[in-house]
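> Below are the chains, spelled out letter by letter.
2 protein chains.
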Amino acid sequence: MLTAELVSALHNLLPPDRFYTDPVECYTYAYDNSRKIFPPQAVAFPLTTDEVHTIINLCNQHNTPLVPRGRGTGTAGGSLPERGGIALSLERMLNIISVDIANRVIVAEPGVLNQSIQNAAKPHGFFWPPDPSSAAYSSIGGNIATSAGGPHAVKYGTTRDHVLGLKAITGAGEMIKTGCYTTKGVVGYDLTRLLIGSEGTLAVITEATLKLTALPSVVAGITAYFQDLESCATAITQIMALPQLPSALEFLDNGSLNLIRGRHPDMLPDDANAMLMIEVDGSEQDIAITISSILDACKTNGLIRASRAENTAALWKARKALSPLLREIAPKKINEDIVVPVDTLPEFLSALERFSNQYQLANVNFGHAGNGNIHVNLLIDPNNADQVIRAEQCLDKIFDLVIRLNGTLSGEHGIGSEKRAFIGKEIDQPTLSLMKNIKLLFDPNNILNPGKLFPQ
Amino acid sequence: MLTAELVSALHNLLPPDRFYTDPVECYTYAYDNSRKIFPPQAVAFPLTTDEVHTIINLCNQHNTPLVPRGRGTGTAGGSLPERGGIALSLERMLNIISVDIANRVIVAEPGVLNQSIQNAAKPHGFFWPPDPSSAAYSSIGGNIATSAGGPHAVKYGTTRDHVLGLKAITGAGEMIKTGCYTTKGVVGYDLTRLLIGSEGTLAVITEATLKLTALPSVVAGITAYFQDLESCATAITQIMALPQLPSALEFLDNGSLNLIRGRHPDMLPDDANAMLMIEVDGSEQDIAITISSILDACKTNGLIRASRAENTAALWKARKALSPLLREIAPKKINEDIVVPVDTLPEFLSALERFSNQYQLANVNFGHAGNGNIHVNLLIDPNNADQVIRAEQCLDKIFDLVIRLNGTLSGEHGIGSEKRAFIGKEIDQPTLSLMKNIKLLFDPNNILNPGKLFPQ
Numbered sequence: 067m068l069t070a071e072l073v074s075a076l077h078n079l080l081p082p083d084r085f086y087t088d089p090v091e092c093y094t095y096a097y098d099n100s101r102k103i104f105p106p107q108a109v110a111f112p113l114t115t116d117e118v119h120t121i122i123n124l125c126n127q128h129n130t131p132l133v134p135r136g137r138g139t140g141t142a143g144g145s146l147p148e149r150g151g152i153a154l155s156l157e158r159m160l161n162i163i164s165v166d167i168a169n170r171v172i173v174a175e176p177g178v179l180n181q182s183i184q185n186a187a188k189p190h191g192f193f194w195p196p197d198p199s200s201a202a203y204s205s206i207g208g209n210i211a212t213s214a215g216g217p218h219a220v221k222y223g224t225t226r227d228h229v230l231g232l233k234a235i236t237g238a239g240e241m242i243k244t245g246c247y248t249t250k251g252v253v254g255y256d257l258t259r260l261l262i263g264s265e266g267t268l269a270v271i272t273e274a275t276l277k278l279t280a281l282p283s284v285v286a287g288i289t290a291y292f293q294d295l296e297s298c299a300t301a302i303t304q305i306m307a308l309p310q311l312p313s314a315l316e317f318l319d320n321g322s323l324n325l326i327r328g329r330h331p332d333m334l335p336d337d338a339n340a341m342l343m344i345e346v347d348g349s350e351q352d353i354a355i356t357i358s359s360i361l362d363a364c365k366t367n368g369l370i371r372a373s374r375a376e377n378t379a380a381l382w383k384a385r386k387a388l389s390p391l392l393r394e395i396a397p398k399k400i401n402e403d404i405v406v407p408v409d410t411l412p413e414f415l416s417a418l419e420r421f422s423n424q425y426q427l428a429n430v431n432f433g434h435a436g437n438g439n440i441h442v443n444l445l446i447d448p449n450n451a452d453q454v455i456r457a458e459q460c461l462d463k464i465f466d467l468v469i470r471l472n473g474t475l476s477g478e479h480g481i482g483s484e485k486r487a488f489i490g491k492e493i494d495q496p497t498l499s500l501m502k503n504i505k506l507l508f509d510p511n512n513i514l515n516p517g518k519l520f521p522q
Numbered sequence: 067m068l069t070a071e072l073v074s075a076l077h078n079l080l081p082p083d084r085f086y087t088d089p090v091e092c093y094t095y096a097y098d099n100s101r102k103i104f105p106p107q108a109v110a111f112p113l114t115t116d117e118v119h120t121i122i123n124l125c126n127q128h129n130t131p132l133v134p135r136g137r138g139t140g141t142a143g144g145s146l147p148e149r150g151g152i153a154l155s156l157e158r159m160l161n162i163i164s165v166d167i168a169n170r171v172i173v174a175e176p177g178v179l180n181q182s183i184q185n186a187a188k189p190h191g192f193f194w195p196p197d198p199s200s201a202a203y204s205s206i207g208g209n210i211a212t213s214a215g216g217p218h219a220v221k222y223g224t225t226r227d228h229v230l231g232l233k234a235i236t237g238a239g240e241m242i243k244t245g246c247y248t249t250k251g252v253v254g255y256d257l258t259r260l261l262i263g264s265e266g267t268l269a270v271i272t273e274a275t276l277k278l279t280a281l282p283s284v285v286a287g288i289t290a291y292f293q294d295l296e297s298c299a300t301a302i303t304q305i306m307a308l309p310q311l312p313s314a315l316e317f318l319d320n321g322s323l324n325l326i327r328g329r330h331p332d333m334l335p336d337d338a339n340a341m342l343m344i345e346v347d348g349s350e351q352d353i354a355i356t357i358s359s360i361l362d363a364c365k366t367n368g369l370i371r372a373s374r375a376e377n378t379a380a381l382w383k384a385r386k387a388l389s390p391l392l393r394e395i396a397p398k399k400i401n402e403d404i405v406v407p408v409d410t411l412p413e414f415l416s417a418l419e420r421f422s423n424q425y426q427l428a429n430v431n432f433g434h435a436g437n438g439n440i441h442v443n444l445l446i447d448p449n450n451a452d453q454v455i456r457a458e459q460c461l462d463k464i465f466d467l468v469i470r471l472n473g474t475l476s477g478e479h480g481i482g483s484e485k486r487a488f489i490g491k492e493i494d495q496p497t498l499s500l501m502k503n504i505k506l507l508f509d510p511n512n513i514l515n516p517g518k519l520f521p522q
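Chains as they are written, first to last, in my numbering: chain A, 67 to 522; chain B, 67 to 522.
So that you can see chain A by itself, here it is in the shape it has in the complex (with noise of 0.2 Å):
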C-alpha cells in the first residue's frame, strides 16, 4: 500500500484529474495487451518533465515502485504494476515540440501517439519507419520503450535505428540527455539505445529526437500461394537472397489462411496451406523490376500462383484483420514472437508442425518472415489443465530450437513478465549479470518496472 505521505505529497503535486488513487480509476490502468491484471494503487499523469523527476524522487524517498506506461498496448506485460505502486502514465505528454524538415527530424514529448508522428510527417514527404500493429494507438515513448518493429522493419529496421537521441528521468532521479540531433555523433557512450528496449526498468524518457525517412514514390504488393508449406519457406529464402529487400514479406500458415477463410470465404485458393504478402516500394521503374525477381523466387514446386496485388490497402486489412480472429476462436492464446535466421525457416516451419502433432495443440503461425520473425500462435483453453501442461512443454521445445538455429526468443514484444522465465535460454550468466548490475546503476532502489525484464 501507499504511505499517507506519498498520497498527500502526490496531491500537492498534480490536481485531482492527472492523480487517481479510487481502484475503479486505477483498474484502467490494470492491463495490457498480455491479459493479465494488475492493478496499481495509483495512477499519476505527468504533463513535464519536471513533475516526472519529482514523482521519481518521491518513489524513491518511499520505496515505491513506479510503472512507466505508453498507451498499454504492448504484448508481454511490461506496462503493467505487477508489485502495485503507482502507474506513471505518459499519455497526456502530448506535445510534438518541432518538426524539422530541413534537418528530417521530429522532437517529441513520449505521449505522442506513432500516428500523430506519421500525420506531422507525412505532408513534408516523410515518415517516422517504426510500424507495430499497434501504431494507430500506441505512443512513441512505448516503440521507445520495447524498440518496437512491425512489417517493415525488413527494409527500414525498428525503432532503434531510427532514434538519434533522448531526454529522460534515470530511476535514480537523474535528469539525462542522451545521444544527439544529429545523424552521427560519437561522444561519448551510446545511452540512448542502452534505453531503446529497456522496458521502463532504467529510466523514463520525457523527451526523443525522432529520425524522419522520405517516403517511397510508389508502392505495390504481391500475393503468392502455395500447396505446402515446403515450398513457402523455400520462396522465403529465396526471396531473401535477393539484392533488393522487399519493404515487408509477411507470412502466414495453414491455421491463419483457414480463419481468413472462415470470414472471407472466397478469397483464397482451396489448394492453399500457406501464403507469402509481399510489398515493395520505390521508384515505378525499380518496383518494376524489383516484382519480376521476387516473383521468379517465388517459383517453387508448391507454387499455386503469384501475381501482382491490385489493392495493396485491402492486402493489409487482411493480414490485420488476423489477430482478433484468432482472439474469437480461442480463449487463450500464447503468442509468441520469436526470430530464427531466414535460412533456417524451412527446418523451423516444419518442426512447427511436428510440435503442434507431438503434443495435439492447435497453432496458428504468421508473421514477418523476411525478418526471421515468425509469431507463434498456440491455441489453449485456459480451463484445459493438461493442455495447459503440454502448451508449456510444446513451448519450451519451440524456443529451444530457435536458440539452437541461432535465432531470438522475442523480435517485438520484449521479455516484460511474460518471457523473463526463458531469458537464460538466450542469455549467458555474466551478460545477464552485467545487465542487473546496469539496472542497479540507474535505478538502486529497484523502484521502475521492478520484477520485468529479468528471471523472478
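For the record, the hints were derived by calculation from the structure and aren't laboratory data.
Each hint should be verified, as a subset may be incorrect.
Identical copies go unnamed one by one, so any copy, or any two together, can satisfy a pair.
[Stated by the list, open to error] Below, in silico cross-link-like pairs of lysine-lysine (DSS-like), each with a Cα-Cα straight-line distance of 25 Å or less:
hint: 1; residue 1: 188; residue 2: 221
hint: 2; residue 1: 277; residue 2: 221
hint: 3; residue 1: 386; residue 2: 102
hint: 4; residue 1: 386; residue 2: 398
hint: 5; residue 1: 243; residue 2: 502
hint: 6; residue 1: 243; residue 2: 491
Since the structure of chain A is already known, use the hints to place chain B on it.
Showing chain B alone in chain A's frame:
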C-alpha cells in the same frame, strides 16, 4: 613499470613473437594518427578469446593498464598507452569465422581489416557499409570501438547501424555475448551499441557479427563548383531537402581547392571557391532522376557549373589526396570532425571564415556535408607559441558555436585523449557521471584504456 611477476606470466602464456618487451619493438605501438607518442612497456598479440581473457585477468591482478588496439589509425589518441602498461594488439586475430550470404551476415575476429570484409562480401554482391578513409588498412575491431563512419554515412549510416552482435571480455574479465544473429531482436539491454564507440574503455571485442548490405547496381558522380561559400552551403541544404539521399555529399572549401590546385593545376575552374563532390547510387533509372534533382538543387546565385562526373574514381582520388597534402603544408594541423545540423551549415561555414580572420589562422575545411560533418583543420606551426594559443582560443570558439547550433563535437574520430577536455561542453554532468559509473561497472580496476574519453 610492469612487475616481474606479470612479465613472467605473460611470457609463459605467449611465445616470444607474440609478446614484446624490448623498448625498440614496443615503440612501434607508441603512436597513432594523432601524432602523440606514448610507448607501452609491453605489447601482447593474442590469437584467441581465451588468451585475451587471461591477459585481462593478469592485468587486473597486477593493476596494470591494458590498451586495446586495432591498427592504430585513429586520430584522437584513443589507442595510445598514455599511462604506460601493455598494448593489446588485436591485429593477429584475423579469422573470418563465417560468410553467411543467405542471412547477410559475416562473423569475424577483431583484427580482420575492413577491406578484407569487403573482399569477402563483394563476390556475393554485398558490402559492409562503414567506410572510414582508413578502410583499406583499419580493422573492424577498431571500426567498432570508434563507431567509424565515412562519406557514405549520409545514406548508409555508421558502424553502429551495421553490427548485430559482439563477443567481448569486460575490464572485469567477464566474457559476454551481446545482441543476436538476426536483424530483429529485443531480448535484454542493448549492450552491443553500448560497446560500439566505447573506445576500448569497457571491454575488448573478440568477435563481431556484421550485417551486410547489397551493393548498388550503379554508382555515379556529380561535381559542382561555386564562386562563393554561401552559395555552396545553400546548395547543400537544398540537396539534403530532396527525398532521395545522395550516397555521398562531400564539401571542399577554398583552402582545400587551393591545395588541390597546387598538385593538379588545371583540374579546377579558376573562380571556384567551394566545391561539392556528390555520389548517387541505385538502379540506372533511379540515378537519372536523382542526378537531375541534384543538379537542380545546385542552382544558386554563385553556381559556376554542376555536371555529371565522367570518372567517379578520379573524383574520390582527388578528395582522398587532401589529408596528406594538408600534412605537407603545415607541420601540425588541428583536425576536428564536428557535426552541425545541415540547415545551419551556411551559418557555421561563414563563422569559420570570420574566425580565421579574427584569429589570423589558416584553416582548411572539408567533409561529409550531407551529415553536417565538417573536418575543420587549423594549420599551425607548433613552434609558434602565439599561434598555438590563438588556435586554442579559436577552437574553443568553434566548439561553443557547434554546441549552440545543436551539433556534436565529434562525428567520426571520437574523444580519445584529444577531445576529453571539451566533452563537458556537450554532455551534462549527470549524464557524464552515469557514463563514468558504467565504465566502473565494466572495468572496476580501471585497467582498460585508463584516462580516455573522460575529462581528467
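> Are the hints correct? Go through all of them and say.
Do the hints match the structure? See the list:
1. 188 / 221: The answer is both: 19 Å in one copy and 20 Å across copies each meet 25 Å.
2. 277 / 221: both (16 Å within a copy, 13 Å between copies)
3. 386 / 102: within (23 Å within a copy, 59 Å between copies)
4. 386 / 398: within (19 Å within a copy, 62 Å between copies)
5. 243 / 502: For residue 243 and residue 502, the Cα distance is within 25 Å both inside one copy (22 Å) and across copies (15 Å).
6. 243 / 491: between (34 Å within a copy, 13 Å between copies)
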